[in-house]
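A.B. asks: Each chain, letter by letter, is given below.
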Amino acid sequence: MRVALRRVIQLVVVLVFVSFFSFSLIQLVPGDPVVAIVGFASPAQLAQVRHQIGLDDPFLLQYWHWLGGFIHGDLGQHYSGPTGRSAVSTGIAQSLPVTLELMAFAMILTIVIAIPLGILSAYRSGTLTDKLISATAFGSIAMPDFALAIVLSFWVGVKLKWLPTSGFTHLSDGFVKNIKSLTLPAVSLAVGQIAAYMRLLRSDMIATLQEDYILMAKSKGIPTRRILWRHALRPSSLTLLTVAGLNIGALIGGTIVVENLFEIPGMGKLLFFAIFGRQFVELQSIVAVIAVGYVLVNVAVDILYTVLDPRIRDARALA
Amino acid sequence: MLEHSPSTVAAPVDAPPPATEPPPPDTEFVRARSQRVGLGGILGIIWLGFVAICAIVIPMVVKNPTNPGLLAARGMFKVSGHPLGGDSAGNDMLLQLAKGARSSLIVAIGAVAVGLVLGGTLGLIAGYYRGRIDTLLTSTFNILLAIPQFVLAVALVSVLANDSISKQGIPVPVTTGRRLAVLVIALGIVSTPILARITRANTLQWAQREFVLAARAQGATNRRVMIREVLPNVLPAMFSIALLGIAVAMVAEGGLSILGVGVHLPGVSWGSLIAQGRNSLQSQPSVVFEPIVCLFLTVLSLNYLGDVVRARFDVRESVL
Amino acid sequence: MGENVRSVLGSRKRSVGGAVAIALVMAMLIAACGGSSTPKGGGTSTTQGVSGGNPNEGKPTPGGAVTMALPAESTGGWCLPEAQLAVSGIQVARAIYDYLAVPNDKNEYVPSLADKITPNADFTSWTIHIRSGIKFHDGTPLNAAVVKDNLDAYGGEFAAKGPDGQPLRKPLLFTFVFDNVKAITVTDPMTVKVDMIGPWSSFPASLYSYGRLGIMAEKQLHDGANCFEDMIGTGPFKFEHDWQRNDHLTVVKNENYWRKDQYGQRLPYLDKITFKPVTETTTLVNGLTTKLFDLTLSDDTVAIDQLQSKVDGGGLAMLKSGKFPEVAYTLFNDSKPPFDNINARLAFAYAVDREEYNRIANKGLLQLASGPFGPGTLGYVADTHLPTYNPVKAKDYAKKYTQATGQPLSFTFSAGSDPISLTNAQLIGRYAQNAGMSMNIKQVDEATLINDAITGNFQASGWRNHPGFDPDTQWVWWHCAVAVGRDPNSTSTEIGLGDAAGITGNNCDNPVNFSNFNDKVINKAFETARASADPDVRKKAYEDINKEFAKQVWDGWGYWTLWTIPSQTNVKGVLGPNLASATSPDAGPDHDKPFEGLSSGIDLSGLWLKK
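Going line by line, the protein sequences match chains E, B and W.
If you read the first sequence in this note's numbering, its first letter stands for residue 10, the second for the next number, and so on.
If you read the second sequence in this note's numbering, its first letter stands for residue 2, the second for the next number, and so on.
If you read the third sequence in this note's numbering, its first letter stands for residue 43, the second for the next number, and so on.
Some hints here could point you the wrong way.
Here chain E is said to cover these stretches of chain W; the calculated rule only asks that three of the stretch's residues, wherever they fall, bring their Cβ under 8 Å from a Cβ of chain E [claimed, not checked]:
hint: 1; region: 245–252
hint: 2; region: 326–339
hint: 3; region: 551–561
Which residues of chain E face chain W? A few of them, derived with a C-beta cut under 7 Å, are [claimed, not checked]:
hint: 4; residue: Asp66
hint: 5; residue: Pro67
hint: 6; residue: Pro173
hint: 7; residue: Ser175
I should point out that these hints are in silico values taken from the structure, not numbers from a laboratory.
The beta-carbon is built from N, C-alpha and C at its ideal position, and this holds for glycine as well.
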């Protein structure tokens with residue numbers, strides 16, 4: 010119980026600092042952020058927007074108000090000129106599901122491809138197959154996802170015309186179209202992830218395969234396939250969880266860039282428009298939403314560990 | 002930041018160290034071959050040297066032809082004397098790539114240098130002194146790492162490199178030099194906590210070794226012990242991560258360029274060449290593929306050499 | 043109102059305060075430029091007329107829905123007096139709103155929501171009679187009172203105040219467009235009288251204002267905070283609040299639209315239109331080839347070039363119009379070094395090889411501009427003796443500049459951040475360099491580009507504007523009434539170069555005359571044309587303006603835009619139905635034909651799908 014409490018306090022502290030950092034971004038803008046946000050406007054209009062953003066208040070009070078708004082879903086406004094505005098929360102509500110779908114797609118691809126490859130590579134450790142897979146993985150990690158996206162959209166999209174090279178079809182307009190429009194971006198994101206997952210899984214399984222119980226299972230005459238998938242893979246679930254936790258940050262970064270290459274209307278595109286239109290309030294909110302989401306995902310990974318492996322729970326209790 | 006080998010990614014903030022520590026995977030590929038630099042390493046060094054020389058020499062030697070029509074949208078080996086062809090504005094691609102190499106290298110190496118100095122110092126202090134100061138510094142790193150690194154970089158660059166508009170409404174443009182500086186600082190800040198963690202973890206190990214304890218017993222100042230005894234032993238680990246860090250920073254600059262906040266004209270980087278060239282992907286793909294190949298080979302070389310250094314000095318990333 | 047607004051805002055030109063706000067509207071002028079914010083030349087394969095597109099066969103069949111890709115999103119919405127509408131925004135506005143007058147195929151302005159628009163003898167007063175029986179989408183009737191409120195709102199005289207005590211509607215550019223208006227009065231329930239300060243023979247053209255002066259319902263006009271997204275008009279389509287920024291906006295059929303086609307069927311034919319902002323060329327081309335989009339509106343030469351092969355293969359149709367184009371050009375700041383010196387402007391004009399430029403940057407698709415007024419527009423002159431590519435002369439003038447000023451000829455060129463603008467800017471830089479000038483590129487976002495233009499904090503900039511509607515609509519950009527800081531008795535022919543008092547710059551009181559020139563010939567010609575309805579007098583006046591521009595090189599004219607409507611082959615009726623007449627609101631076969639320029643989109647009420 011005390012452990013749980015400590016974890017919660019830690020989480021709150023991290024969240025407070027992360028949100029504080031996001032909030033502080035607008036203070037770093039050189040010059041007057043309001044002029045940058047609204048563009049040309051009368052002094053009265055500028056003052057009105059300044060008041061609305063809350064830049065009149067003392068710094069910490071500003072943060073307090075901003076945090077209150079953030080918690081209640083008021084993420085500020087996107088300003089278009091002195092009069093046009095739209096709620097940032099609406100934009101995020103529309104973009105976030107798209108990004109999550111893309112990331113989930115990439116994750117699924119990663120797991121579906123990385124696990125068999127990792128097992129194969131470990132089982133055939135030292136053979137030509139293993140070396141080929143390892144070398145490819147090493148090369149894949151050196152290929153930036155945006156570069157891969159461009160190469161893929163050229164060969165698969167432009168030359169072979171198999172898949173759309175840009176644009177997004179909403180799920181409501183048909184599942185197949187939706188998946189097709191996300192395939193190239195998801196593959197671009199997945200390749201580097203696959204390599205990372207696969208390499209970790211491989212070395213993990215090489216070690217597992219030396220364990221006594223595997224050797225015993227072998228001697229009992231249990232089919233290799235069953236040994237690999239049932240007995241050898243299970244202990245690696247924690248490794249997979251670790252690597253998932255480690256790579257989610259890279260996946261988020263990659264998604265932001267790749268969305269812009271494929272014109273996918275997700276958080277990355279939203280971020281792009283916010284930067285392009287100097288919407289620093291929107292930028293604050295987008296960064297805060299992504300950061301909070303990232304922290305929460307990591308907490309979820311943490312909890313999963315505890316569920317999967319009682320030893321950690323015990324170790325923590327002692328600590 | 003973007004894709005990179007998992008060992009360079011800091012552990013998630015709240016994730017506990019896994020009970021069964023996965024064996025270090027990254028070095029496998031390299032270690033399987035050789036403890037020495039090996040053929041791959043030599044090729045990597047040759048490529049990096051080649052890039053560095055080109056980045057310095059070519060802009061001094063090669064000039065764009067006076068007539069833009071000569072090279073505009075011409076592919077590779079179409080015009081004699083200009084083997085890589087020209088971009089859609091008639092610039093010699095060889096020259097553009099060399100200029101791009103300059104900016105990409107400056108940004109990436111500069112950023113990692115900033116990270117090494119800041120992160121190295123802080124990590125050394127945290128690992129050496131332990132206790133409160135360690136807790137404080139480690140928490141700070143954790144908070145910085147709680148924001149996905151690329152998002153952090155985007156946020157910092159787009160805020161810091163914004164053309165400021167004065168109260169009189171007069172825009173104060175950001176010069177190419179200042180933009181480079183902002184990129185270096187932003188990516189440096191992003192890489193600081195990672196390098197700090199590595200340094201701290203290694204320092205923790207070395208600071209308890211007999212010779213260090215002996216030096217302290219002989220009355221050497223903490224500063225002297227840190228610099229003379231601990232640092233030299235921690236350097237290989239820092240160096241191997243730094244090599245990977247340069248690759249990551251270079252890729253990150255590319256991502257920033259795609260978002261329009263990387264290097265701006267009149268400067269060019271490999272990333273900005275890719276970003277700008279992708280509009281002519283259909284008509285003239287070589288304009289995009291040339292910088293992609295450069296970036297790929299460079300990242301590959303840096304990753305490989307980073308692994309070689311790690312294998313050589315037996316740097317254990319599981320200490321992360 | 044006019045004078046008042048002008049003096050207040052005009053005198054504060056450099057002080058951001060209010061004046062700067064006015065030209066916000068410029069955002070749209072370069073917003074969607076993408077492919078074309080820098081001069082490009084042309085001449086090889088010119089498209090002066092209208093060509094291509096689907097033949098309009100037989101009786102249209104109602105029903106169906108289309109998706110139309112547009113070059114940009116209009117994030118600021120459609121509170122029309124305040125909105126910053128580029129062509130994409132205007133296209134959406136044309137679905138939802140109607141206009142008091144619209145241009146016909148001869149670029150004459152024909153009453154539309156009005157049935158009669160008549161001037162007095164000296165064009166100092168205009169009477170607008172509203173067509174009866176027209177209702178807004180919210181059911182309220184169109185009458186003189188709502189028209190007056192609309193015109194007041196555009197002119198900055200709308201009486202309603204917001205909760206903060208400020209005027210509810212804060213128009214920007216339109217206060218300058220209407221600065222010649224003295225008073226607007228309702229004379230009977232269906233008649234509005236507009237009194238002018240000076241004569242204004244071409245006033246109806248400004249009632250259209252490139253498709254930006256739609257008539258809004260009272261509810262929207264009075265809607266303080268949500269005016270921009272609560273669009274209520276009389277147009278063929280209704281907005282039902284389905285707008286997801288940067289993704290889509292839909293409009294649905296207005297079942298009670300006031301117009302019928304020549305067969306007696308009620309317009310519009312389509313049930314629904316989905317507008318999608320598409321900024322990337324590849325997305326646009328792929329979307330059309332994969333039938334994701336039914337039609338689009340594009341001046342992107344890269345896209346046009348790629349789509350042409352599909353059109354030739356019969357897979358797509360493409361209506362092209364080089365008529366009444368806009369001009370893309372290099373905007374000089376004529377009030378600051380180096381372009382306050384005509385030698386520098388001449389050196390630039392002679393330096394750029396527009397023919398080659400057009401081949402490289404525009405696939406040879408565009409036509410070299412001889413001046414601001416394109417083919418079909420009054421004032422068009424085929425040969426204005428514009429200085430054109432001559433590297434020897436370019437070097438000479440650059441040397442002359444150096445001799446005269448003691449300074450080397452160097453300048454900074456501001457360009458937008460999109461790949462095509464940057465490529466074009468680099469090309470210009472190459473030509474400048476070849477002529478011995480040195481040019482820096484300043485890569486800026488759109489807001490900065492406009493801000494720089496307004497504040498005069500630039501030397502040269504990539505620009506596109508001045509669509510070929512009635513040339514009187516350009517008054518707002520180039521006319522200066524008072525030469526602030528200038529000696530009125532000065533006889534200097536180098537207008538804009540300062541004067542005896544040694545004042546350079548700031549000598550035009552018009553804050554949206556971005557080039558900051560104050561040219562007596564141009565001022566006078568605009569005034570002459572406004573005072574006369576005689577086509578010959580007006581033609582002569584605008585030709586004078588055109589030639590004066592060529593002589594003074596106030597700006598570096600590039601090329602005229604080519605607008606196209608690429609569409610699927612089953613999309614018919616793209617140019618829209620015939621116009622209304624004084625006696626009938628319907629599209630009678632003998633009525634005037636619709637305008638053939640595409641720089642402000644198309645009338646969507648005539649679109650139909652062949653089954």
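A.B. asks: Please verify that hint: Ser175 of chain E, Cβ, nearest Cβ of chain W, below 7 Å or not.
C.D. replies: holds (4 Å)
A.B. asks: For the hint on Pro173 of chain E, just tell me whether its beta-carbon gets within less than 7 Å of chain W.
C.D. replies: With a closest approach of 6 Å, the Pro173 of chain E hint holds.
A.B. asks: Verify the interface restraint on Pro67 of chain E: the C-beta must sit less than 7 Å from at least one C-beta of chain W.
C.D. replies: violated (24 Å)
A.B. asks: Do three or more residues from the region 551–561 of chain W put their C-beta atoms closer than 8 Å to C-beta atoms of chain E?
C.D. replies: Coverage by chain E is violated for the region 551–561 of chain W (0 residues, Cβ < 8 Å).
A.B. asks: Would you check chain E against the region 326–339 of chain W, counting CB to CB pairs closer than 8 Å, and say if three or more residues qualify?
C.D. replies: n = 4 at 8 Å, threshold three: holds.
A.B. asks: Verify this for me: three or more residues of the region 245–252 of chain W with a beta carbon less than 8 Å from a beta carbon of chain E.
C.D. replies: With 0 residues in contact (Cβ-Cβ under 8 Å with chain E), the coverage given for the region 245–252 of chain W is violated.
A.B. asks: Report holds or violated for the interface hint on Asp66 of chain E, using the least CB-CB distance to chain W and a cut-off of 7 Å.
C.D. replies: With a closest approach of 19 Å, the Asp66 of chain E hint is violated.
Violated hints, listed in ascending order, are 1, 3, 4 and 5; each of the other numbered hints is respected by the structure.
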